[in-house]
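Listed below are the residues making up each chain.
Number of protein chains: 2
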Amino acid sequence: MPTYKAPLRDMKFIMNELLDAPAQLSQMPFYTTNETADADLMTQVLEEAARFVETELVPLNRVGDQEGCTRDEQGNVTTPTGFKAAYRKYREAGWTALDADPAYGGQGMPHLVSNMLVEMMCSANVAWSMYPGLSHGAYSALHAVGSDELKNLYLPKIVSGEWTGTMCLTEPHAGTDLGMIRTRATDNGDGSYSVTGTKIFISAGEHDMADNIVHLVLARLEGSPEGTKGISLFVVPKFVPSAEGGVGERNGVVCGSLEHKMGIHGNATAVLNFDGAKGWLVGEVNKGMNHMFIMMNAARLGTGLQGLGLGEGAYQNALVYAKDRIQMRHTPRVSSEPADPIIVHPDVRRMLLTGKAYTEAGRALAMWLALSIDTEHHHPDEARRKEAADLVALLTPIAKAFMTDNGFHVAVQSQQIYGGHGYIQEWGMEQFVRDARIGQIYEGTNGIQALDLLGRKVLMDGGKKLQKLAGTLQEFAEAHEDDEHIGEYVNQLGKAAQQLGSLTMVIGQKAMGGEGGADEVNAAAVDYLRYFGHVVYGYLWARMAKTAQEKIDAGADRDGFYLAKVQTARFYFAKLFPETKTLAATIKAGNEPLAVDDQAVFGWEAALALA
Amino acid sequence: MPTYKAPLRDMKFIMNELLDAPAQLSQMPFYTTNETADADLMTQVLEEAARFVETELVPLNRVGDQEGCTRDEQGNVTTPTGFKAAYRKYREAGWTALDADPAYGGQGMPHLVSNMLVEMMCSANVAWSMYPGLSHGAYSALHAVGSDELKNLYLPKIVSGEWTGTMCLTEPHAGTDLGMIRTRATDNGDGSYSVTGTKIFISAGEHDMADNIVHLVLARLEGSPEGTKGISLFVVPKFVPSAEGGVGERNGVVCGSLEHKMGIHGNATAVLNFDGAKGWLVGEVNKGMNHMFIMMNAARLGTGLQGLGLGEGAYQNALVYAKDRIQMRHTPRVSSEPADPIIVHPDVRRMLLTGKAYTEAGRALAMWLALSIDTEHHHPDEARRKEAADLVALLTPIAKAFMTDNGFHVAVQSQQIYGGHGYIQEWGMEQFVRDARIGQIYEGTNGIQALDLLGRKVLMDGGKKLQKLAGTLQEFAEAHEDDEHIGEYVNQLGKAAQQLGSLTMVIGQKAMGGEGGADEVNAAAVDYLRYFGHVVYGYLWARMAKTAQEKIDAGADRDGFYLAKVQTARFYFAKLFPETKTLAATIKAGNEPLAVDDQAVFGWEAALALA
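So the protein lines, in turn, are chains A and B. For the first sequence, this note's numbering gives the first residue as 1, with consecutive numbering after it. For the second sequence, this note's numbering gives the first residue as 1, with consecutive numbering after it.
Just chain A, same shape as in the assembly:
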C-alpha cells in the first residue's frame, strides 16, 4: 500500500524563505488582529495537519477505491468504510473552519495554510478530500454574495462542518456550455423559489457524512433571457433549515444514481433530481454565472492542488520503490547484490526528477497564488489588492491545467518506474493515475482553461495582466543575468518570456484579423498555456535556486536540502523547460493545419467504407 509523508520541509521553505509569507501577511490587519499569521503558529498547524492526514486519511485511500459509494433505492448514499468516522474527527479537530471567517465560527487562518492542508489531503486521499473541498466552494460563494440572512443560516453550519456543500452546474446536455442549462426556478412569492431539473456529475452530491447538504444550483428563473445572461444561483438544501438552525423538512432533491467512474471511487458523483425543491436566491437575479465563478475559481485552484498532491504521492512511492527494487547492473557496480537498485539507472532518475521538479514548482505556484489570494482579500492598500487580484486571475487557469496535466504525467511516470507491478492494483500506483485523470477534465476541461487564459485573461485586456507579470520576471532577470549560478537559467527564462510576448502579439493580431480570428485563439490556446506554464515554473525554479544557493554559500545547508533545490533547478532547465521549443513551433503553425476538409478527413463513412 502506498505510503505518504507530508513534504513539510519544502512547504516551510516556500512559505518562509521563498515567499517571505509571515512578513507579507503581517501587513494585513485581518491576520494581525486575529493573530493567525504568526510563523510559529502556521508551522504548528501544518505539522498537526500532516499528522491527521498521514494517520487518518492515507489508510482509507485504497478502501475508498475498492469499495466506492453505494446508493439504496431511496437515494441514500453510503460512503466507504471509515470515511464518515474520519470526517467526524476532521470536523471535531476544527479543520473545516481553518481559513473561514471568524464572524461565522472560522479560525481566520491564511489561505496559504489551508492550501497546504488541501495539498496533503489530495496526496493522501483525493476522493475523501473532495467532501470538505466542495463545502469550501459553497462557503466562498455564500460568503461573497449571499444575503445576511442566508449567511447567518448556512455559514456557521458549513464552517463547523456539520453541513457540507456542493456545486450543481452540469446537466446532461450542458457541461462546458452552461448557457444551455434547463433547470428552472419559479418564484414562490414568499422569498423562496421552486427548483426543478436534473444535474449530473455532482461531486459529494449525496452522502452519509453530514447532517445536511447545501447545494448551490445554477437555474434559469422564469422569464429570464436565454444563454448565460439568464442564469441565477440558488441555495437548495437537502433538508430545509429549521428556524432554530437545525434541519427541518426533507427537500425535493434526490440522488437518482451514482456514476461508475475511472477513479475517485470514494467520492459520490451523483445525478441529482430537483423536483420542485425549495431554494433561495444567492446574489442577484441573472448574475448566477458571475457568482458561480467565485466557487469555480476556488475549485480550479483546488483541482490544481489535486494534480500537485497526486503527483507528490506518486513520486514519493516511486522513490521508495526505486531505492528498493534490485534490477540490472550498473557500471560501476553500486551494490554487492546480483543487481543494483534501479535508482542508479539514469532513465529512472530522469522519471524521478521529473516528478520532483514538477511537484516542487507546482507547490511554489500554488502557494504564491494562495498568498496572492490572501493579499487580494486583506491587504490594506487598494493598489496591492488589485495587483494581486490580476495575478490570481491570470495564474488560476495555469494552476488548474498545467498542474493537473503535470500531475497526471508524473503519476504515469511514477507508475512506469514500478514496471509490471505498477499495473497491479495492490501496489496502488494505478490508482494515482486513475484518480489524477479527472483533474484534467472537470471544473472546466484543460482546453477551456487554456481559452480562459489566452482569450479572456491575456487578450481581452490587451495583454495588461501579462505585461505586469512579464515586468516582474524582467526585473528578476535583469538583477540576476550575471549571477554565476542562475545566470544561465535567467538567460533561458528571459528569452522564453520575450518569445511568449511575441507569440501573444502574433496570436492577438491573427485574432483580430477577421472571421477566422476566434479559431486562431482556439487553435493556439492549449500549447500557449503550456508555454506560459513553463515560463512561470522557470521563474519559480530560478528563484528557488537563487534562495537555496544563498543558503549554501552561507554554509547553512545542513541536510542537503538546498543542494537538492539547486540540482533540481538544473534538471528542470535542462530536461523539462526545453518543451518550450516545440510549443513555440506548434503555436506558430496556427490554425491552418487544423482547417482540414471536413468531409474528406473526418468523413466517417467515406474513410471507413469498404472500398
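Any given hint could turn out to be false.
Put simply, identical chains are the same to the list, so a pair is met inside one copy or across any two.
[To be verified] Cross-link-like lysine-lysine pairs, in silico, DSBU-like; alpha carbons within 30 Å at most:
#, residue 1, residue 2
1, Lys510, Lys229
2, Lys581, Lys495
3, Lys581, Lys510
4, Lys588, Lys323
5, Lys229, Lys323
6, Lys588, Lys495
Read the hints as simulated data drawn from the structure, not as lab findings.
Chain B: place on chain A using the hints.
Chain B only, in chain A's frame:
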C-alpha cells in the same frame, strides 16, 4: 458502448499503394507456391476478418472488462461470458492458422495479413486478442528452434487453436533482469526435465478456452552458469500430450492466483507455480535467452499493434462523439442548434488529428515491418533477407515503444474529447486508457526498448543498420526535395535525419568516453527513441502524402481519401513532428543533469524530515 469499424480502406492503401505488397510478395516462392499472396485473396481475407472482429469481439469488450476472470480453489480459471464461445468460432473459422506453416496445418498467409487481423482484434477487444496472441509467440519459438518431435507433437494443435500457448519469463524478483531467474530444471534422464519455480504476470496463463496450454518456460538447468548465459527454454504443457496426440496426464503446473489489474481484465494474468512439472528442452541448453527473443520480437510487434489498435478504437469513438456532441458556438455558426458540434472547435480538431496522424503512421510502420518479416523469412535473395532482418531488428523496439506511447496518448486525448463523460465507465473511453497503459510496460518496458534501440541496435554495430535506413531516407529526400507538395516535409525530414545522425555520433563518443559511458546511453535512450520514431513516421507521412497526391493529380480521389492523407501529413509536420526540437535539446543535455547528489536529492529521510 464503443463502436468499431475496421479501417480497411487505409489498410488496403498501405498494402497496395504505399508498400506495393502483392508485387513484393510475388517474388517469394513460399507465397507463390501456396498461392496466398494474391491481392484479391488478401483483400477478401481482410474483409472476412473485419466482419468477425466487428461482430464477435467488439460486443465482448466491455463484458470482459466488467467481469474479469475468476479462479476457483483448484486453480481453474473461468474467462468472461462469451470469451470461450468466440474463441471456438475463431478457431473453427481457421484464424489461428492464418499465417502458420502449411506443414503443420497453417494457411501460409503473409505476416502482413495476420498483422492487420491483430490490429483489428486489438481495437475491438485487446484482452481477448491476447489468448491467440500468446499462442502465436509460442508457435514461433517452437517452429524456429524446436526438435522435429516437439514440432510434430505441438505445432498442429497450436495451429488449429485446440491448444494455446504462453511465455513464462518473469519471476517476482526478476522482470527486466531475466538473468536473475530462479526457476530450475533437472534432467529426468528420459529426455524430459523436471521444472520447479514460480512465474508471475503470465498473460493467458490459465483459462477455459482450449484443451491444453503449452507453456514456454525459461529455467536454469542444474549446473548451468549464473546470469543470462545459464538459462534454457523448456516446453511445459498443462496436460502432457498422449502418444496419440491428445491430452494425457495433468502436469505439475497450477495457477496460484490471478492479478487484479488496472486494465485488460478479460485476460487472465496468472501466477503459475511449477512443482516438478514435466518439461522438454526447446533448442539448445543455455541458449534460452536467444530462443526467447524469437517469441519476444513477435510479442513486441504485437504489443505495438495493441497501441495502434487501441489508439484507432479510441479515435474512432472520439470522432463519432465530436460530431454528435453540441457544445459552445463557433464563429461563424455551423448549425441552427443552440450550439455547434464540438468537432468545429480547433482544439478538438487538434486532438482528433493527433489520433488520426499517429494511428495511420503507426499502421504504415507496422505493415512495413510485417512485410519486412515476410521478406526476411521468404525472399530468395540472401542479401534482401539480411537487409530485411536488419530493418526488422532496428524498427522493432520503435514499433513497440513509440506505438504504445502514442497509443496511450491518443487514448487519453480521445477520452478528453468526451469531457466528463470520458471519465464514466459506461462510455468505454476510460477502458481504452486503462487497456492501453500496459503496452508501455510489458514485453520489456519502453525504457528497455529504448536501450535496445540505442545500445544494441544502433551503437553496437557501429551505426550500420542506422546508416542503411538513413540511406533509404536520403534517397527519398533527394528525389523529392523540389516536389511542390512534399518538398517542405522532405526538407524538415532531411534535417531531422541528419541531426539524428549527429546526435548518435555525440552519444556514441560519450559512450566510449570512460566509466560514465553507459550512463550517457541510458540517459539519452528514451528521448532518442522518440526522436527516431518521429523520423520514421515523418518518412512514412511524406511517402503517403506523395502517393496520395499522385492520385489527386490523376483525378482519382473519388471520396476524399487522398485529400485526407495529404492534409493529415500537413498536420503531422506542423503539429507533431516539431517534438523533435525539444528532444534534440534534451538528448544533448545528456546525463549531467541526472547525475545529482543521491543523498541530497533522493534522501527520503532528509527531504521529508520535520525541520
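Structure-based check of each hint:
no. : hint            : in the structure
1   : Lys510 x Lys229 : within (28 Å within a copy, 64 Å between copies)
2   : Lys581 x Lys495 : both (11 Å within a copy, 16 Å between copies)
3   : Lys581 x Lys510 : both (21 Å within a copy, 25 Å between copies)
4   : Lys588 x Lys323 : between (43 Å within a copy, 27 Å between copies)
5   : Lys229 x Lys323 : between (57 Å within a copy, 27 Å between copies)
6   : Lys588 x Lys495 : both (16 Å within a copy, 19 Å between copies)
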